[in-house]
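Protein chains in written order, with our numbering: chain G, 1 to 337; chain Z, 1001 to 1337; chain Y, 2001 to 2337; chain R, 3001 to 3337.
Just to be clear, a hint being listed does not mean it is correct.
[To be verified] In silico BS3-like pairs for lysine-lysine, Cα to Cα no more than 25 Å straight-line:
(1) G:K79 <-> R:K3008
(2) R:K3006 <-> G:K79
(3) R:K3006 <-> Z:K1327
(4) Z:K1305 <-> G:K8
(5) Y:K2079 <-> Z:K1037
(6) Y:K2070 <-> Y:K2152
Simulated from the structure, these hints should not be mistaken for laboratory data. Computed from a predicted model, the values in this text were never measured in an experiment.
4 protein chains.
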Amino acid sequence: MVVVLKQKVRDEEIQALVEQLESYGVKTSIMEGVDCKVIGLLGDTSLINKEEIENNEIVEKVMRVSEPYKKANRKFHPKDSVYQIGGHTIGGKKLAIIAGPCSVESEEQIIEVARLVKKSGAHFLRGGAFKPRSSPYSFQGLGDEGLDLLLKAKAEVGLGIVSELMSIRHLERFERDVDIIQVGARNMQNFDLLKELGKIRKPILLKRGLSNTLEEWLMAAEYIMAGGNEQVILCERGIRTFETFTRNTCDISAVPAIKRLSHLPILVDPSHSAGMRFMVESLSLAAIAAGADGIIVEVHNNPTKALCDGQQSIWPDQFDEIVNKIKAIAPIVGREV
Amino acid sequence: MVVVLKQKVRDEEIQALVEQLESYGVKTSIMEGVDCKVIGLLGDTSLINKEEIENNEIVEKVMRVSEPYKKANRKFHPKDSVYQIGGHTIGGKKLAIIAGPCSVESEEQIIEVARLVKKSGAHFLRGGAFKPRSSPYSFQGLGDEGLDLLLKAKAEVGLGIVSELMSIRHLERFERDVDIIQVGARNMQNFDLLKELGKIRKPILLKRGLSNTLEEWLMAAEYIMAGGNEQVILCERGIRTFETFTRNTCDISAVPAIKRLSHLPILVDPSHSAGMRFMVESLSLAAIAAGADGIIVEVHNNPTKALCDGQQSIWPDQFDEIVNKIKAIAPIVGREV
Amino acid sequence: MVVVLKQKVRDEEIQALVEQLESYGVKTSIMEGVDCKVIGLLGDTSLINKEEIENNEIVEKVMRVSEPYKKANRKFHPKDSVYQIGGHTIGGKKLAIIAGPCSVESEEQIIEVARLVKKSGAHFLRGGAFKPRSSPYSFQGLGDEGLDLLLKAKAEVGLGIVSELMSIRHLERFERDVDIIQVGARNMQNFDLLKELGKIRKPILLKRGLSNTLEEWLMAAEYIMAGGNEQVILCERGIRTFETFTRNTCDISAVPAIKRLSHLPILVDPSHSAGMRFMVESLSLAAIAAGADGIIVEVHNNPTKALCDGQQSIWPDQFDEIVNKIKAIAPIVGREV
Amino acid sequence: MVVVLKQKVRDEEIQALVEQLESYGVKTSIMEGVDCKVIGLLGDTSLINKEEIENNEIVEKVMRVSEPYKKANRKFHPKDSVYQIGGHTIGGKKLAIIAGPCSVESEEQIIEVARLVKKSGAHFLRGGAFKPRSSPYSFQGLGDEGLDLLLKAKAEVGLGIVSELMSIRHLERFERDVDIIQVGARNMQNFDLLKELGKIRKPILLKRGLSNTLEEWLMAAEYIMAGGNEQVILCERGIRTFETFTRNTCDISAVPAIKRLSHLPILVDPSHSAGMRFMVESLSLAAIAAGADGIIVEVHNNPTKALCDGQQSIWPDQFDEIVNKIKAIAPIVGREV
C-alpha cells in the first residue's frame, strides 16, 4: 500500500500518520519526491481499510499494491481449487456442464428437461424455485414445491441440482436438499446472506453482480470463505454496459482475468449474458475457448411456452449440438468433458 | 405495448398470437407495414411480461408504450406524495434535511452529532447500525447496540431516526424503533426484503442501486407499494460509470426525471455520490437547484477519526454552511426549508 | 416506426402530424388505446429522423421498428459480404489473420515481424505509422517514413498492409499505398473523415468506438457505404465499462449480434480488448469460437522494447501457437484458415 | 510514479530497470516489501509513459502519483484562468451564458434567436454550421453559408459567436470568423485536430467525449495547450452510461472535480446532457449551484420546427426564466452574471 501525501505537510503530522499506520502491524518507508512525499507500507495490508487512511487530512490518496482478498487470492493458493460434488468435479481439467430451465414449472417439465440434458452430457441440473423478478406482477417461481420437484427429478434422473437461494429463511432447506447453492447477481453484495453462507458447508455458485468489478466479486467470495466455507464457484453472467442490444454484456475477459487472480473455478452463463437464444451457442463456445471451467445454460423442453426467460432458453437439440462442439474444442485448450 | 412480428409469418400463427394476447384482457389492432406486421395492444398492459411475448417464435421484438409500474406512476397519481413523519414532512413544498454519521460509533459521538445537526437545521438523524462493507475484514457496525444509541440520541435531541436495514432478521426491531427504514443500494433488488417491507407500515427510504435504471428503481418501489406500503421515498446516491475519479457518478438528471415519471419524493445523497468531502457542498446545492425534495448527508463530529466513510463525511460547520445556502436557494426554485 | 402520442391531444393536432408524416412518403395507421393514441408508420422510414418527430409537442415518444441503416443491413443484403484483397479474402468461410506491431519503429523491426508473422500464417501485416496517443508527450509514430517502411516490408515479405489513417491530409497517400485503411476507435464518429472514405475505393477496417452501440457502429459504416465505398470491415476492439482491470471490455457478443444484423465481416482485436499480453490467446480463441471472421493482433519481435503498447503485444512464438489453435478450432465452427 | 515489481525478481534485472528509469531524468528509491519490491520515481514523471514501464517483464504494475498533464494542472497554475473574449469574460467571478440554436437554419431564424437571447442576458451566440449527425441521411448543416449567417447575426445583434469545427479543412475560416471554436464530444480525441488547434490563437471550447474520463479530457486540453494555445474552456455535456431515459448522464460532479484538478474554466451544456426540453432548467440551475463558470444552452425561436435537436431546445421565454433564476442563485455561490 502506498500513501501519497498532500503538498506542504508538517513533519509532526507525518510522524503521527506513520505511528497510526505502524499500529496495524506494518512497516513504513518514506520517499521524498520533488513536490510530494510518499509513504510505503510493507507487510500484510489486507486488513487495512484504504478509505480510513484516505480520510486523514494530510493524505492525498492511497493506492493498493496488493489485493484486498486473501483466501480467494491465487498468490496465496497457487493451485486451482477443484471440488468433488456428487460424483462430478468442478474446477481442474474436466469441464462442468450445468443445464436446465430458468424456472421449475411442473413435474413433467423438469423431469423431461433433466432426462434430455443428461442424455446430451450435462453433469448438473439447474432450475429456479424462487425467482428474482424485476416486476412484482411477474411469475415468482413455485417456491418450496419447486424444490420438491427438483428433488424428484434428481431421484429419477440422477443429476445433482443447482438452485438459487434468495433469502436466509430458506437456507436450512437449501443446505439439506440442494447440491450447489446459487447466489444471484442481484444478491452478490447481500452481505448478510453471504455471511450465512460462510457458516454452512455446501458449494456456492456466486454469480457476478450486474456492475461489480472483479475485485468486488472476489471480495464477495472472500466473505463466504472468511466464514469457513471455501467451496466457492464463480460465474460470469454478463455485466451492465451502455449497449442495449444484448440483455447484458458478456465480459469474456473475466475468464482469463479470474484464472490469473484467483484459484477458484469460473463458469460462464451464456443465457443471461446474451438474453437471446440465437447467441447462446456462440457465447458457450467462446467461454470454453477462453478457458472457462464450464457453462451453466438455460434449456427448456419448449422454450416458447416457458414461464420465464423463454427468449433466452435453448431447445434440447441446440443444447446437444453445443455439448458436441464443446467436446471438440476442449482438447485444443487442454481440457476434457 | 407494440409487438413487431418477424418477416414472412403465416396468418394462423398471427391468429394464435392475437388470441394469446387478448387472453390478458387487452384488445389488439394489426398494422400491415411494407416488410413487417405490427400488433398494437390496447388496455392495461402492466401485467403483461414483455419477455413472455418476445419469446414467441414469430415475434421480432416487443416495445412498451406505457410504463410497467402503476402505483409509483404519476400518470395514475398526478399529485405529489407527501408524508408526515414525526412532526416533519417529506415531499411537497418543504425540503427535508437528513444528516448524521455513516455509522453509530458511541453514545457520545451520536448525541453530539445529533445536537449539532439539529442546531443547523436537520429534520432527521441518520446513522448506520448494520453496515454493508465490501470487505469482510472492515468494521461492520455496532448492530443492535447501534440502534440503542440512536434511540438515546432521539430521546435526548428529538430527531426522528433513519437507519439501514440489511436483513429480514432485524425487521421487527426496525419496524418498532426506526422512523424511516433505509434500503441500501446493494439491496435495491433484494426482492425478498422488498416484499417484507411491503407488509409493514413504515416509510421506506429506497436508495437507487449502483447500476439500476430509473425504471428498475421505480419497479423496486412498486414491489413495496404492491404489498400495501405506499410510503416510499426515493434517494439518488450516484451510479456506477466508467469514471473513477469520483466514487460514483451523481445522476442529477434523475431528479427532474423522477419528478416527471412518479409522484414519490426524491432525495439526493451527495456523500456517496461524490465519495469526497470537498464535493459535498457542490452536489448538495445542485440537488436542491435541480428540484430534489431534500438531501441525506454524512456529517461527523470528527471525520478524520470516523470508523467508516470519513473521507466523504463533512464537518459540522460545513454542514451548517450548506444548510444556510440551501435556505437561500430554496425560494428561487419554489421551495422552503 | 411507431409514434406514441401524449394524453388528451386534439384531433386537428393529430391530423397535422399525420400530414407531416405522410409528406415523408410513408403511410400511417392510427391505433386508439385506452389512455393514448399511437400512430404506426408504414413504408421506408430510414430517412425519417426520430428526433424530429419526437420534437412535436403532441408526441410522447417515437420507437423505431426497423433499423436506421440500409446498406449495412442484412435484411436488404442477406448474403455475407466477402472481399478479395491482394490474393486473400476477408469474410466468407476463410478466416483472416492480421498481425504486426503497434507502431512501425525501424526497417529491421517491421521486416522481421512481417517475416515471422507470415511464417506463422498471417495474411496481412498491420503497423501504425500515425499513432493516436492520449498524451501529447508520447511517441506519435514515424508518420510518412513509417508508411515507407511498411511498403518495404510488403515488397520484401509479400503481405498486404493495414494501417490507421488519422487525418484527411494523408488520405491520398493511404489510398495509393495501403491495402486496408484502418479507422481507429477514437475516429469512429469523425463524420468528416467517414465521408471522405466513402469517396474512395479501398477496403476500410472500421473499429468500434470506445462506447458506441452496435447501431451507431453500423451507422458509421453506413456513412462510408452511402458514399459509394461498400467494402467495410468491422472490428470489435473492446468497449469502455466500469471494469478497470482490463484496458477495455471485449464485447464478444458483438460477433453473433453483427452477424445477425449485418452482412459485413467482423474481426476481433484481442490486443486492445485486453490490454495485457497474457489474455491475448484466450480472447483470440474466444473470438473464433464465437464466429468472428478473423483477428487483428499486435505482435512484436521484442515486446519489452516496443515503443508503444508493448504490454499487450505478444511474442512471435505466442502468435504461432495462437494460429495453430485457431486452425484446430476453425472446422468445429465451420470455418477454415 | 510507483513501479511495483513482480515477485522473485533478480537484482540485475532491477538494476537494469533502475538505469532505464533514471535515464528519464528522475531519481529512484527502492522499498522492500514482504512479498514484493516497489520502486518510487522522484521528479518530473509527466513525460514518462506508464505503459512503457509496465511493459517490462519484471514489472507487475505502475501507478501514477501525480497527474500526467502539466499545463492544464492547477498544481502548477493555482490561479483560475480567465479569458477576455469580445468584451466578455469566461472564467473568474462572472458567469458566462452562451445560447442559440442547434443549427443555423436561415438568416431570419438566427437573427431572431440572437436578438431574443441577447435581450434575456446571453453573452455569446452559439449555432452549428457543420453538424455531426449519427445518420448520413440527416440534415448536415448549412456549412459555410451557416457561418455567413452567424456573422450577419453578430454584426446585427452584437454577440460573439461560438460554432463547432469538424474538420481541419475549415480551420482557416473558423480562425478568422468565429470567436470561440467548439470541439464536439465525438472529436475530443481527434488528436490531429487538437494539434492544429494548438497552433492558432483562438479560445477553444472543448466538449467532454461521450465516455472519456476527467483525466483524458484534461489530456485533450493538454494537446491544445502544449501547442501553445492556452485558452481552453472545458464543457461537460453528459456522459454515456447504462441509463437510457436521458440522452446522456450529466456528470455534475465533473464541475467541482475539474475546479480542483485544473485552472481552466468549465461550462455545462444542459441541453445535450438531458436531451429533453423539460430538464434543461433543472440542469442549468444545478450547474450554477455546483460551481460551473456558465452554461451553453440550445434555444430556438420555434423548437417544434427545428431541423436538429428540437426536442432538447427550449423556447426563448424558458431561457429568459432560466437566466433570471441563475441571476438569483449566482450570489449565493459567490458569483455574478
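### Query
Going through the earlier hints one by one, which of them does the structure break, listed in rising order?
Of the numbered hints given earlier, those the structure breaks are 3, 6, listed in rising order.
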